[in-house]
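Chemist: Now for the letters of each chain:
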Amino acid sequence: MEDRSVLELREMAENYKYDFKDPYLYKEVFEKGLDEEKVIKISKIKGEPEWMTEFRVNAYRIFISKPMPTWGNTEILNKINFDDIHYYVRPEEDHKTSWDEVPEYIKKTFDRLGIPEAERKFLAGVTAQYESEVVYHSIREDLAKQGVIFTDMDTGLKEYPEIVRKYFGTVVPPEDNKFAALNSAVWSGGSFVYVPPNVKVSIPLQAYFRINAKNMGQFERTLIIAEEGSEVTYIEGCTAPVYSSHSLHSAVVEIIALPNSKVQYITIQNWSRDVYNLVTKRSVAYENAKVGWIDANIGSLLTMKYPSIYLLGEGARGEIISVAFAKTGQHQDAGSKIVLAAPNTSATVTSKSISVGSGRASYRGLVKVYKEAKNSKVNVQCDALLLDPESRTDTYPVIEVHQPNAAITHEATVSKISEQQLYYLMSRGLSPEEAKTLIIHGFIENFVKELPMEYAVEMNRLIALEMEGSVG
Amino acid sequence: MLKIRDLKAKVKSLDKQILNGVDFEVKKGEIHCIMGKNGSGKSTLGHIIMGNPDYEITDGQIYFENELINDLPTNERATKGIYLAFQNPIEIPGVTLANFFRYTTKKFYSEDIPYPKIRKQIVELLGKFGIPEDTMRRYLNEGFSGGERKRIEAMQVLVYKPKLAILDEIDSGLDIDGLKNVVKYINEYVEQNPDTSIIFITHYSRLLQYLSPNMVHVMINGKIVLSGDMSLAKEIDEKGYSWLEDSIKT
Ligand SMILES: Nc1ncnc2c1ncn2[C@@H]1O[C@H](COP(=O)(O)OP(=O)(O)O)[C@@H](O)[C@H]1O
Ligand SMILES: [Mg+2]
Numbered sequence: 001m002e003d004r005s006v007l008e009l010r011e012m013a014e015n016y017k018y019d020f021k022d023p024y025l026y027k028e029v030f031e032k033g034l035d036e037e038k039v040i041k042i043s044k045i046k047g048e049p050e051w052m053t054e055f056r057v058n059a060y061r062i063f064i065s066k067p068m069p070t071w072g073n074t075e076i077l078n079k080i081n082f083d084d085i086h087y088y089v090r091p092e093e094d095h096k097t098s099w100d101e102v103p104e105y106i107k108k109t110f111d112r113l114g115i116p117e118a119e120r121k122f123l124a125g126v127t128a129q130y131e132s133e134v135v136y137h138s139i140r141e142d143l144a145k146q147g148v149i150f151t152d153m154d155t156g157l158k159e160y161p162e163i164v165r166k167y168f169g170t171v172v173p174p175e176d177n178k179f180a181a182l183n184s185a186v187w188s189g190g191s192f193v194y195v196p197p198n199v200k201v202s203i204p205l206q207a208y209f210r211i212n213a214k215n216m217g218q219f220e221r222t223l224i225i226a227e228e229g230s231e232v233t234y235i236e237g238c239t240a241p242v243y244s245s246h247s248l249h250s251a252v253v254e255i256i257a258l259p260n261s262k263v264q265y266i267t268i269q270n271w272s273r274d275v276y277n278l279v280t281k282r283s284v285a286y287e288n289a290k291v292g293w294i295d296a297n298i299g300s301l302l303t304m305k306y307p308s309i310y311l312l313g314e315g316a317r318g319e320i321i322s323v324a325f326a327k328t329g330q331h332q333d334a335g336s337k338i339v340l341a342a343p344n345t346s347a348t349v350t351s352k353s354i355s356v357g358s359g360r361a362s363y364r365g366l367v368k369v370y371k372e373a374k375n376s377k378v379n380v381q382c383d384a385l386l387l388d389p390e391s392r393t394d395t396y397p398v399i400e401v402h403q404p405n406a407a408i409t410h411e412a413t414v415s416k417i418s419e420q421q422l423y424y425l426m427s428r429g430l431s432p433e434e435a436k437t438l439i440i441h442g443f444i445e446n447f448v449k450e451l452p453m454e455y456a457v458e459m460n461r462l463i464a465l466e467m468e469g470s471v472g
Numbered sequence: 473m474l475k476i477r478d479l480k481a482k483v484k485s486l487d488k489q490i491l492n493g494v495d496f497e498v499k500k501g502e503i504h505c506i507m508g509k510n511g512s513g514k515s516t517l518g519h520i521i522m523g524n525p526d527y528e529i530t531d532g533q534i535y536f537e538n539e540l541i542n543d544l545p546t547n548e549r550a551t552k553g554i555y556l557a558f559q560n561p562i563e564i565p566g567v568t569l570a571n572f573f574r575y576t577t578k579k580f581y582s583e584d585i586p587y588p589k590i591r592k593q594i595v596e597l598l599g600k601f602g603i604p605e606d607t608m609r610r611y612l613n614e615g616f617s618g619g620e621r622k623r624i625e626a627m628q629v630l631v632y633k634p635k636l637a638i639l640d641e642i643d644s645g646l647d648i649d650g651l652k653n654v655v656k657y658i659n660e661y662v663e664q665n666p667d668t669s670i671i672f673i674t675h676y677s678r679l680l681q682y683l684s685p686n687m688v689h690v691m692i693n694g695k696i697v698l699s700g701d702m703s704l705a706k707e708i709d710e711k712g713y714s715w716l717e718d719s720i721k722t
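Quick note, the sequences are listed as chains R and G, same order.
Under our numbering, the first residue of the first sequence carries the number 1, and numbering increases by one thereafter.
Under our numbering, the first residue of the second sequence carries the number 473, and numbering increases by one thereafter.
Isolated chain R, as found in the complex:
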């Protein structure tokens, strides 16, 4: 398709405004499949500024022109049928699953985790509202006093267009990869966080508390800006399984950590077992800033997620701690990307994966050290635990160093549970599932320690639950 001029696009968009009065065309936006006109309509329905419409259209063209990735689990990946997907769902019409449709295993997990009734309905997509509004409002007021912005991305774009425009798409440009391009074209929901200079947000911002803000969308887009000297922790997801009627989830998260700021982003994701979770998460850290990704991937059919940190300013530091849990039929393709482009920068990566049954966990890591990164340091530690003979793990590390005095270490271990270890633990009363859970508990202890208390407790409970009935 040849490039159209901005003028033409604008003209098209103008016309669509009228088209929306036509109920038939309006309906079309919500039908399956995607084309350029639909992208424009989505933007117009949301009443977005023109630059965003153009951004989306440009991203759509990139999405079309980019081939599917030829690495990773292409067998599962190529099963995605892009024509069979809803790219925009009217917010008030989303979450129309009935409780009966929710798979039994998910209901059981809600039970066992003790998730309150109102939350269950939300997590299962039965209701769009989660009654935590009251809690959220008081938190929001405290934040507002400090000048912190914490809202959904759509509202962010409406109310703070200058900030959004300055940073949106600068860390993850649509050109980055096919799924980032798709997200850029059709994004909806996600969070917008802005922390003013020197403000230290004392409580973690939990997307969970503001669940009704559509942030568990299919193509959510999160943008976090930490101004100089500020500090913030953001938590997304929860341990409860999230049932979704959409099979493709492709999120983009961008973090900008300005000099001397600290940002920590915690994810616990437990998608239902039919979901493709293809996420681009990237952060840039300037002088002496510190960025941390703490990332747990439990559910989904296929996850492809490689949180990245670009250390652009002198003395910037990064940390990635991740856990992936792959059960039979699941592939967790996770990893990290560390780019060091300034002197005295350092990063550590700790990746733990657990494969159960025929589950498969891969670690894909890139460390790139530019010539500028004198006295820089990177430590990568990947530990895989295989619980069953059919379990699988692979490691694909790539290290590219252009600065000879950089200190890079990469260590990978694979452990298995022997029959005699299992027997020993069983001789002390533990069932095989409990014995394996105990071993996993030890394996991920360092990760769990990083989580806020209530998440840590839930995480351990969830692992125990996941192991129940998975042995056999």
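It is possible that part of the hints are untrue.
Unchecked claim - Here are the simulated DSS-like cross-link-like pairs (lysine-lysine), alpha carbons at most 30 Å apart as the crow flies:
(1) R:Lys108 x G:Lys579
(2) G:Lys552 x R:Lys449
(3) G:Lys578 x R:Lys449
(4) G:Lys592 x G:Lys652
(5) G:Lys488 x R:Lys416
(6) R:Lys416 x G:Lys589
(7) R:Lys178 x R:Lys145
(8) G:Lys484 x R:Lys416
(9) R:Lys108 x G:Lys578
(10) G:Lys488 x G:Lys578
(11) G:Lys552 x R:Lys416
(12) G:Lys482 x R:Lys449
Claimed, not checked - Chain G stretches covered by chain R per the calculated footprint, using a threshold of three residues with CB under 8 Å from any CB of chain R:
(13) 515-526
(14) 537-547
(15) 553-562
(16) 645-658
Just so you know, these hints were derived from the structure itself, not from any lab.
Quick caveat: nothing in here was measured; it's all calculated off a predicted structure.
For each residue, glycine too, the CB sits at the ideal point set by N, CA and C.
Since the structure of chain R is provided, determine the placement of chain G with the ligands on it from the hints.
Modeler: Okay, now just chain G with the ligands, sitting in the frame of chain R:
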């Protein structure tokens, strides 16, 4: 309590016969000793009672409290009240002693007892057996000395309070003071819990002087060839095993 009838067993992977028809019985509250040279099949017997997947029963029966347990999963044997202190406890890197006890005690203690209380008891017991509290942070059996392993294996009798405890070579690897200490607490426990049955397995009689077993059995080539009282142990102490071996051959 425990009744074993004509038990024959082999190593699964090697198709190697190790037990060649073991018969014996332990009643409630009785203390038995199984003696025998290295390689006679004593540990194998303990493992088969516990259900070690390395071995396969080819003939015979094991009854625990009148229930046939030949095919019962190991963990169910444990929760029914059988405990085996391993001669060679297995190392489990990554699992701290603290986590290990947190999980296992759930199986033997009422849910109403808060874990910190159980943990306190365990730390006290470890102390009695000569194990410092900070060992709780170490990985299960990894890098533990022979003595440490034995103390912790023996001490777990007092944690899980089994109906039948099999203590395999609890004396090897322990110095004499350590051994006295372990036996003291086991004897004290048995006094307070007189229904507990205990099988001590040992290839040498050093241990026996501290015990007052109801019966002593001698195992040779995967068979119990002779059973008697303490005087049998004394005889072995004096004469060794060879006279017994000779008497079997003829
Ligand atoms: N898992 C095993 N694999 C191979 N051989 C074994 C195994 N277990 C025991 N054996 C063999 O069986 C015999 C008896 O061993 P064991 O029961 O350990 O004797 P004891 O405890 O009386 O010293 C020995 O010859 C030993 O090598
Ligand atoms: Mg032995």
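Chemist: Evaluate each hint against the coordinates.
Modeler: How the hints compare with the structure:
1. R:Lys108 x G:Lys579: OK: lysine 108 (chain R) and lysine 579 (chain G) at ~23 Å, within 30 Å.
2. G:Lys552 x R:Lys449: 35 Å, violated
3. G:Lys578 x R:Lys449: 22 Å, holds
4. G:Lys592 x G:Lys652: Roughly 24 Å separates the two Cα atoms, so the pair holds.
5. G:Lys488 x R:Lys416: 27 Å, holds
6. R:Lys416 x G:Lys589: 33 Å, violated
7. R:Lys178 x R:Lys145: 40 Å, violated
8. G:Lys484 x R:Lys416: Distance ~21 Å between lysine 484 (chain G) and lysine 416 (chain R) Cα, so the pair holds.
9. R:Lys108 x G:Lys578: 22 Å, holds
10. G:Lys488 x G:Lys578: With Cα atoms ~37 Å apart, lysine 488 (chain G) and lysine 578 (chain G) exceed 30 Å; violated.
11. G:Lys552 x R:Lys416: 29 Å, holds
12. G:Lys482 x R:Lys449: 45 Å, violated
13. 515-526: With 5 residues close enough to chain R, the hint holds.
14. 537-547: Coverage by chain R holds for the stretch 537-547 of chain G (3 residues, Cβ < 8 Å).
15. 553-562: Per the Cβ count (5), the hint holds.
16. 645-658: It is violated, with 0 qualifying residues against the three required.
Comparing the model with each numbered hint stated earlier shows that hints 2, 6, 7, 10, 12 and 16 do not hold.
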